[in-house]
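Those protein sequence lines, which keep their order, are chains V and Y.
Each residue of the first sequence is one higher than the one before, starting from 562 at the first, in my numbering.
Each residue of the second sequence is one higher than the one before, starting from 397 at the first, in my numbering.
The hints are simulated quantities; they were obtained by calculation from the structure and are not laboratory data.
One should not assume that every hint holds.
Keeping only pairs whose Cα atoms sit at most 27 Å apart, straight-line, the calculated BS3-like set for lysine-lysine is [unchecked claim]:
{"id": "1", "chain 1": "V", "residue 1": "981", "chain 2": "Y", "residue 2": "545"}
{"id": "2", "chain 1": "V", "residue 1": "1032", "chain 2": "Y", "residue 2": "581"}
{"id": "3", "chain 1": "Y", "residue 1": "538", "chain 2": "V", "residue 2": "843"}
Derived, one-sided and incomplete: chain V residues facing chain Y with beta-carbon distance under 8 Å [as the list claims (entries may be wrong)]:
{"id": "4", "residue": "932"}
{"id": "5", "residue": "933"}
{"id": "6", "residue": "946"}
{"id": "7", "residue": "949"}
{"id": "8", "residue": "950"}
{"id": "9", "residue": "958"}
{"id": "10", "residue": "961"}
{"id": "11", "residue": "965"}
{"id": "12", "residue": "968"}
{"id": "13", "residue": "969"}
{"id": "14", "residue": "972"}
{"id": "15", "residue": "979"}
{"id": "16", "residue": "1016"}
{"id": "17", "residue": "1019"}
{"id": "18", "residue": "1020"}
What the simulated footprint calls covered on chain Y by chain V, stretch by stretch (three residues with Cβ under 8 Å from a Cβ of chain V suffice, anywhere in the stretch; the number is not a length) [said to hold, decoys possible]:
{"id": "19", "region": "453 to 464"}
{"id": "20", "region": "528 to 534"}
{"id": "21", "region": "541 to 552"}
{"id": "22", "region": "556 to 564"}
Just so we're clear, the structure is a prediction, and the values are computed from it rather than from any experiment.
Idealized CB from N, CA, C, for every residue including glycine.
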Amino acid sequence: MAFALWPEYTIVLGIFATMLAIMIGSRERTIVGYWLALAALVASAIVTTVDWSSRVLPVSLFHQGVTVDAFSLVVDGLVLLAAVGALLIGWNDRRYGTDFPILLLVALLGMMVLGMANNFIVLFLGIELLSLPLYILAASHSPGVSGEAGLKYLLLGAFSSGILLFGLALLYGSSGTMVFTQLDPATMILPLAGAGLALTVVGLVFKLGIVPFHMWVPDVYEGSPMPVTTYMAFGTKVGAAAILLRFLFFGFSLSVDWWGPAIGYLAVLTMIVGNLLALAQKDLKRLLAYSGIANAGYVLVGIASHNMSGARALLFYLLVYGLAILAAFAILTFVAGERDSVSLNDLTGLVYRSPWLAAFLTIAMLSLAGIPLTGGFVGKFYLLQAAIYAGQPGLAIGLVVGAMVGLAAYVRPLQRAFAKPSGSESIEPIRWPIAGAIVLIVCVAGTIGLGVYPGPVVHIVNHSAAFYWLK
Amino acid sequence: MFLVWLLAVPLAGAIVTLIAPNAAAKGIAAITSILGLIGYAGLLFIDRAGVNWSWIPAWGVRFHLVGDGLSLFLLGLAAVMFAAAIFASDQGAGRSYYFWMLLLEFSVVGLFSAVDLFVFYVFWEVLLIPVFFLLTGWSGEKGKKAAMKWLVMNLVGSFFMLVGIVALAVIHHQDGGAFTFEINKLSGMVLGPAVGSWLFFAFLVAFAIKAPLWPLHGWMPDAYGESPAPVTAVISGVLSKAGIYGMLRVMIPIFMPQFREYQMPLLIVAAIGLIYGAASALRQRDMKMVTAYGSLSHMSMMALGVFSLTAVGLLGTTFYMVAHGLMIGALFLVLGMLENRTGRRSLDDMAGLNHSAPRLAAYFLFFVLGALGLPGLPGFAGEYMIIQGLVTSHVVFAVIAGFVLVVAAWYMLRVFQAVMQGPAPTTGIKDLVAGQVAWLVPLAGLVILIGVWPAGITSHAVPSLYQAMHFAAAKGGVR
Chain V
562 MAFALWPEYT IVLGIFATML AIMIGSRERT IVGYWLALAA LVASAIVTTV DWSSRVLPVS
622 LFHQGVTVDA FSLVVDGLVL LAAVGALLIG WNDRRYGTDF PILLLVALLG MMVLGMANNF
682 IVLFLGIELL SLPLYILAAS HSPGVSGEAG LKYLLLGAFS SGILLFGLAL LYGSSGTMVF
742 TQLDPATMIL PLAGAGLALT VVGLVFKLGI VPFHMWVPDV YEGSPMPVTT YMAFGTKVGA
802 AAILLRFLFF GFSLSVDWWG PAIGYLAVLT MIVGNLLALA QKDLKRLLAY SGIANAGYVL
862 VGIASHNMSG ARALLFYLLV YGLAILAAFA ILTFVAGERD SVSLNDLTGL VYRSPWLAAF
922 LTIAMLSLAG IPLTGGFVGK FYLLQAAIYA GQPGLAIGLV VGAMVGLAAY VRPLQRAFAK
982 PSGSESIEPI RWPIAGAIVL IVCVAGTIGL GVYPGPVVHI VNHSAAFYWL K
Chain Y
397 MFLVWLLAVP LAGAIVTLIA PNAAAKGIAA ITSILGLIGY AGLLFIDRAG VNWSWIPAWG
457 VRFHLVGDGL SLFLLGLAAV MFAAAIFASD QGAGRSYYFW MLLLEFSVVG LFSAVDLFVF
517 YVFWEVLLIP VFFLLTGWSG EKGKKAAMKW LVMNLVGSFF MLVGIVALAV IHHQDGGAFT
577 FEINKLSGMV LGPAVGSWLF FAFLVAFAIK APLWPLHGWM PDAYGESPAP VTAVISGVLS
637 KAGIYGMLRV MIPIFMPQFR EYQMPLLIVA AIGLIYGAAS ALRQRDMKMV TAYGSLSHMS
697 MMALGVFSLT AVGLLGTTFY MVAHGLMIGA LFLVLGMLEN RTGRRSLDDM AGLNHSAPRL
757 AAYFLFFVLG ALGLPGLPGF AGEYMIIQGL VTSHVVFAVI AGFVLVVAAW YMLRVFQAVM
817 QGPAPTTGIK DLVAGQVAWL VPLAGLVILI GVWPAGITSH AVPSLYQAMH FAAAKGGVR
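Extracted from the complex, chain Y is given alone in its bound form:
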């Protein structure tokens, strides 16, 4: 029942925010996010049971949510990142800002726990709307354009996925099965070559746009660049994982033969994305855009893990999603603080800020090191497993990935150097205040915890992953 709590609390909080006075909105949102964290603790430590209610009997749609190893830690990521983002948000943002934030949390929690494709799609698409309004109302000058791009690009993907979902259910029904949208029932199907490929790409494109993966990342620069830091943090930290999660949750069980067939082109495209993201990050002079393109490169790394089609590669991706979400989200929040204090984003305009803000610099360095994959911090474990998977499937991509990791260190450290090191400027900036330290400390603690103890996550993920791959194994298998 804690899963229902986790889902219901943000929705209830959103409704309360909408009717509460503007001044109370942030307080209500903060309390809601803490209640969400408590609910998550309950889910993790007390009762992981999901729900399975009949929703639309005529179509066999069931409101089926689970908190298994694939989703458990992504739910945690969502609960933590939304709490951090809400704490980091502007007091004066107004009640509708917090309304959309909490509605977004609601849809993300639903998305990460649904195992019925209808329910999955409902949350998948509901999620677009809060982000659209957050980009429209609380962003820079180009916010409206960014919002439209986000909406249109994501819709292109998700509407084709909708056709794919209905087609899967109808084909399953016409083959003599029940009319159902449950992933584990649909996973036993054998699809014809043409239909299978069409449906495969319908799903793949939707997930790749959401992640985003090169070359479908067109919405990303504007959205990341224009949105306020807390929104960027939840988009890059949590929402981007939805795309990769969808591949693991939906596509691996259903489309394994198609994955095998198209493995080589997919690996090549992901590798290009990996290099493209890193190269673009090197070229950028705007600290937020460096991180954004770095994140694009990391997403391609996760895609490589999926496309390796090995157990350890998939496991690495599962782990890396959580690790990357925490670190990149935190990094964007720290960048937001810097932007608030200096009013600038270009690397050329800043230098030597560590003299006036040593604590901020320390946290900044910590999350930068995490993002570049320093051993001991969680990024490393994820990247290691993905590369191990690539070595067993196609070693050349392991070499490319290893090379890009070096580049990652370069572009991330370049940001830190430019902003923090160098001669002290004439006017310093304010260091962290107690309220900010209060949520940065647990965030950093969490990063260290999963960095030194990745087994805490992987041991839970393995059974679910094997279950997902077991369905796949029946149709051609995973090595």
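With the rest of the complex left out, here is chain V:
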């Protein structure tokens, strides 16, 4: 059944094709690389869809190294969306040269591997495959701020990989197996296994950007080029959330007492602290970085609930979060133009410069805040259901308290955008690059569509996260 890995094979083919095209073609014709990468992404998305719709049973490959099931295919779909979005947002910006599409595809492969990993080695492989290209991309812009961001990301990322590897080694030592589904908490050597589990979880939530392991996120997001930040804000989080869910639900489902409360506390802490810090930001990239931290906290609610609704809500939430964050970053890219950062002041009077952009920004921000008739509300509603089904009202309260603070943070840019300009701001109309405009319009339409008629997508995620051993 090697057929199951076709989405990944397509991406590998795409990587080689893009590399070859660049070696053969001249340096100026970087556009070919972009088109080839886009073609690979689209082809992979088609294969993923076909595989999802025809898949009945999960398939295990490489001696239970990976499990291809509906869940992993939905994760594939999400990270493909992130990659297409980031590629199109960076389409007109040739400053990154051809490295951008290639590294984007390699990191994508890492994310896809994370979605189906069922083995410590594959887990680590996925994490590194995801991280290494992003270290380069984060620093790809210029030697200045971007270089600093790349170095910070590299050092802290390497540190977290070390912790993760140590944790995995301890787990292997205490259990004698590397396969998630063969882990049996009853036979493990306890202190060793506990320490291993804790270290592994710390290594993974570091990638997800969970408080108190979030310090790197705002700096790296702020320093990285806009499309790379977009990619990290969506794709990395999908990959990290997927592997955390796989690892805990498949490997440690029986010993939920060990990790459930800890993940719950981390989730509540992250939702509240992330949104509170977002409230204090003046730079929009940093604001969205803290928003990403807070949203990772929401995602953790799905894991802490440890039930089927939780896994489904996690998938749904990642989708609506991704659509909103892609739309927000597309708008930032338009407003920023040649620059790489946007402050709150740059938005003042946006509605007079470009009413549609202001309207779209409103929709994206309200979705992140979880206001009804946007996808964000349905996502939060789903997570609330999961938390209450799990009998954890504390999680539910934490979620709504976080959402309250979050809304206050997200309406601040909107208040600026709808304010009358004082006269000192730029008033020239904003250019809409066509590739970015496609991303923006599709994401805004998707956000509204998921808010107004979420039924079909709810149906899809309900069929994609059917882990029979959970409630």
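Let chain V serve as the given structure and place chain Y on it in line with the hints.
Same frame as chain V, now just chain Y:
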């Protein structure tokens, strides 16, 4: 299908306004509001059928709207007040102002007709956003602060209500029922004492903040004081009713045992609010703030009617909501005209305006008398029924309410006296123009109509109210 019309017309109008030129915005909004009134006439006289469509099958969410006796006249109130507010709005307010106004009407209509808690919540929260932007963009200096206060305070309430809604559905499901958000299905549940109390207060706080009721009225002074008159009119006339309506629609059927348990403290808090509002209204020197605090006192009166837990008290509240909405909304619009003409709001700066503007003075007096509960005007019938309900449940609160009614006459008439009577000032003001009379006359006519014929509303409200209380009666009952 007229209910769908009523819901869809403002939304369509809002979208058209957004893409139309600025100059045409008010015209489009006015036409939209007239179409809304026609739709309402159809709903009232031709076909009251609601809709019940599947929305999110996996969660049992149904797009279920009804135009029953509880909501029918509040929908009418919304259609009328929004029309009046749009006619009274500034021509130059720009298209986004009318966009938010119509979006607000859309969410209010949805809120007043939804009987599925998910749908109810969707409209409940969507409603916050237009008001937020109206307060941000078209208010006085402190508008931004007022908007933030409005948003944050209302969110605190509504997010806890969201937890309550999900918890109700999940508990219903775990008890072996279907996964549903329909109020009339959830109303059969028996909740444990602790869970019941928590959920009860989650809903109560949300509704009390929206109304607002003392001591949760923190957002009110800024929002009422800073917003332009048409926005104040729809907030005080229509949106404030959402809180009381929520208690009748959602809480009475589901939480009757909890209401019984906490009846005494709730009555005491509402009575304090009643007195506090009236006393603050007496202290204020700003005519808009007098009316705002007077309205706070009236909202507590409605809450007393609900907390009396008697059929006649609930009926009185249902009626008083409509009556109060019409009169207080109209009063704020008239105050707005005065403010436009004089540029002032303080009672100390104005006197004798009736010499130069007799027609404006007449309408002002009319709505003031309505607000203080003159027999023959609708406020009286509502207050009478509420007091009757209080007499049968706890007579001491009836005495307090009767006393506060006297104070109400005092603070309302004080405003009229200070502004209109006295020696004629050196510079007069312009009297009403024909365009303003055109919408004030039907408004006043409507007030007289329901004032002399309250049965027109109560006879429709009784069956729905009994239905709501029937659910409650199964679990402890209403006297």
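### Query
Taking each numbered hint in turn, which are not upheld by the structure, reported in ascending numerical order?
The structure conflicts with no hint, since it agrees with every one listed earlier.
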